[in-house]
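These protein sequences, in sequence, are chains A and B.
Counted from 1, the first sequence has number 15 at position 15 by full-length UniProt numbering; the numbering is strictly sequential.
Counted from 1, the second sequence has number 253 at position 253 by full-length UniProt numbering; the numbering is strictly sequential.
Certain hints may be false.
[As the list claims (entries may be wrong)] Covered by chain B, according to a simulated footprint, are these stretches of chain A (three or more residues, beta-carbon under 8 Å):
(1) 81 to 92
(2) 95 to 105
[As the list claims (entries may be wrong)] 30 Å max Cα-Cα, derived DSBU-like pairs, lysine-lysine:
(3) 7/B to 128/A
(4) 53/A to 294/B
(5) 7/B to 71/B
(6) 7/B to 155/A
These are computed hints drawn from the structure, not numbers from a lab.
Positions of the beta carbon are idealized from the N, C-alpha and C atoms, including for glycine.
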Amino acid sequence: MIDMKDVHKDYANGVSALNGVNVHIDNGEFVYLVGPSGAGKSTFVKMIFRGEKPNTGTVKIDNIDLSTYKERQIPQIRRKIGVVYQDFKLLPKLTVYENVAFALEVIEESPKLIRDRVMEVLDLVGIKHKARSLPDELSGGEQQRVAIARAIANKPKIVIADEPTGNLDPDTSWGIMKILEDINQTGTTIIMATHSQEIVNTIKKRVIALENGRIVRDEAGGDYGYEA
Amino acid sequence: MKLNTAKRHLREGSKNIFRNGWMTIASIGAVTVTLILVGVFLALVFNLNNFASNVESDVEMSVYLDPTLEKDQVEAFQAKLESIDKVGTVTYSSKEEQLNQLMKDMGQTEWDLFEQDNPLSDTYVVKTSKPQDISSVADEVSKLDGVDKVDYGESTVDSLFTVSKYSRIIGAVLIIGLVFTAIFLISNTIKITIIARSREIGIMKLVGATNSFIRWPFFIEGLMLGVLGAIIPIAIVLGGYYYLSNNVSQNIDIGFVQILPYAPFAFQLSGLLLAIGAVIGVWGSVMSVRKFLKV
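Using the sequences plus the hints, can you model the full thing?
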């Protein structure tokens, strides 16, 4: 579970991204993070995988304060959390297979386990047949499936998706949402920042709305609440 | 590090050589060109240096003894000279030997007169352990009782030392300059290839890779770039020097002008080029990665 207590974050350029965020997210939840651009959604998710450090306040995962991790222990945090980005962030010179395998190589799994697990997750996201392709040879939706496969390869308890459907057309987006829901069904916590009114209003989940760095709304099964 | 991870780094490092196609060729090209220059130049400077040392080591002084000395006094001189600081070898040459040598050198003429009354002196030929000490040792020897004259070709020897000293300094400066240029050129080329991959390094960190996990394949890649870049320069050194030592040195037969023998010199030089290539390759690549690891 994730706990944030009075988290403030100002960037060096003077932008104030989070102004006292308090939140509790249980294991196995599916949470939408909504709000206008610049409301602090990206900073919010970065707090969880230590992409950024809070200026004040604490962020805890499973009751461990992230600020107790030293700089060189950050990889330990990131290995417990899968992250999916709007721009996929795949390694361009590695094949689909190698991209997913990378997440398992960093935790020094055995080659046999890596082989089995990579094919398993590629099958799960429905892209097994493209295992030998390079990211450039895939469509946006396919690349996002690879990114999701990489995010879940080492069975993280939390998957963070920062506008995962932002670059995808609606049809493809539903496919991605189906996969995320499936992953959530296995007990994985999903936190998804999104601008998609259609998705939030159709697949009902807990909605946390951010504005000017504050949580202005937090309701289970809520609506998107903004004009698209 | 687990064995599997070490294997993985080796595999990834080698694969990167191919993944980065043109960038790899550019880096290897930079290593090749600079190492050829360094190799040719090193061969030249080492040979000049060797030549200078050979000439210098021929420098010796003749100590002519007072003709009035008795036989045992002359013999005692050997120990006296050897006890002087910085003296290397002392060789005795009696006045009869001197005369015989002179007769041999000059050819058969009328020597009878000289054989009856040898005008030459008993002589010691002294070499110093360091040729450069010859003039100070000569001063010291000339002060000894019973020494008639000390001769070491003063003016010629002094200018020889001056010339060889400056040529050594110039050679060293040029080599150091060239090696630094090589380091700069090669590591810059490698840096460019890695800057192009800064985004990839960022992604690796987001997936939870530690710095050393990211660095190792780059280390391997740099090592291989350096070693691959050294292949052609080594071939040129081995081939070129082989030709030189077989043909040129036999045609130019000036006795004391001798180039360093093919074995082991050409192999030592090849080893040196390989080491320079490997070190610069690794250094350039690891230093460049370091910059992007602070994500």
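Each hint tested on the structure:
no. : hint          : result
1   : 81 to 92      : holds (count 5)
2   : 95 to 105     : holds (count 3)
3   : 7/B to 128/A  : holds (25 Å)
4   : 53/A to 294/B : holds (15 Å)
5   : 7/B to 71/B   : violated (79 Å)
6   : 7/B to 155/A  : holds (24 Å)
This entry does not satisfy hint 5, going by the numbered hints stated previously; all others are met.
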